[in-house]
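Asker: Here the protein sequences come in this chain order: A and B. Going left to right, the first sequence walks through residues 158 to 320 as the working numbering numbers them. Going left to right, the second sequence walks through residues 1077 to 1241 as the working numbering numbers them.
Hint data in this document are derived by calculation from the structure and do not stem from the laboratory. Keep in mind that the hints are not guaranteed to be accurate.
To be verified - Selected chain A positions facing chain B (Cβ under 8 Å, derived; list incomplete): (1) VAL200; (2) LEU202; (3) ALA208; (4) TRP224; (5) ALA230; (6) LEU235; (7) THR258; (8) SER260; (9) LEU261; (10) CYS309; (11) HIS310.
Cβ coordinates follow ideal geometry from the N, Cα and C atoms, glycine included.
Residue strings, one per chain:
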Amino acid sequence: MNGQIIELYTDDDMARMRRYIKRRSTALVLLAIVGLAACLALVALTNTANARRMELAAVAVSTVVGWIVLYGALFAALPARRELGHAGMLRRERRQRAEGTVSLTDESFTIRKSVAVRRVLVTRGDEQSRFLVCGSRAEALAAADPAAVYVCHGYVAAYEVRA
Amino acid sequence: MRALKNILSQLHTFVLWLLASALFWGWIFTFVTDTSPEKKITVYCDAPQVRDTAMAVALEEHMPEGLRMVKVHAFSYVMFDVESIDKGDVFIIPASHLEDCAEFLAPVEGQADGVKIYDADTGRGAATAYIQYADEDYYLFLGSGSVHAQDGAALAVAREILAMR
């Protein structure tokens, strides 16, 4: 079958993800520096009369800033970095073609220290193959109604649509 | 909703950060608000209630030269740390505890029994704005282990306390 092969992660996508990670990481580092500077300023302004208030303020500032930085790192920068690594693997490694009716299931989970994925079934006659697709690309794959998928280590890397 | 779900999934990390933050800044402020015995005067007061911060601030206004700070502590502060009470510079002790504390006390200006700072009969005394005395006489002493016995700084602060309202 001659069809158009569409990559799940194009070079543009990879470049966009790199820019996103850089922007997020820089913002988080800057926020951490500002928080630390604020705490050091509180220490510098401490005297006998205000010591307890300043200590409470420093704990409050470092806690809140730390929570924001942690949230940004754990739920934005780190998942993006993992997805970039995953995309790099999909682009580099050797692929296999699987032809048939492609359907997306509701089964989803997060691979430890890696990306969130959805289960994909490729059915051809009585044969059914089970693969995974990165959660952020699952809907695009399902919407394209592909005729075949290209799979790398069990993950969908690209799909083929009818010409 | 999603943010809340994310936070709950890593709640232990956020709680751990809160604890680490409180411990770290507590440790830093312990250093910032303290110094070596040579650069501070430590006042221990065995009274039911002491406005320690306010009293320290008032005493620091007339601090002898060479000192960085005055620390005022209620006795409960040193209950488990006998070593720090050894180095106390000024003591305010009720009559009923004089025997217990005798080893830490030194005479003030030659008065071996200390200077009476509060008279229970009349209800009059010094530093009553900062110290809530119990219903007994209180005496002021210098510390037997004070490093400021020779330079006169402990005596200067003791006089300052006696002059307080």
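Asker: Evaluate each hint against the coordinates.
Answerer: Against the structure, the hints:
1. VAL200: Because about 6 Å separates VAL200(A) from the closest Cβ in chain B, which is inside the 8 Å limit, the hint holds.
2. LEU202: violated (10 Å)
3. ALA208: Given a least distance of 5 Å, the restraint on ALA208(A) holds.
4. TRP224: holds (6 Å)
5. ALA230: violated (10 Å)
6. LEU235: Nearest chain B Cβ about 11 Å off; hint violated.
7. THR258: Hint on THR258(A): violated, closest Cβ of chain B at ~32 Å, above 8 Å.
8. SER260: Cβ of SER260(A) sits 26 Å from chain B, so the hint is violated.
9. LEU261: Because about 21 Å separates LEU261(A) from the closest Cβ in chain B, which is outside the 8 Å limit, the hint is violated.
10. CYS309: violated (29 Å)
11. HIS310: violated (27 Å)
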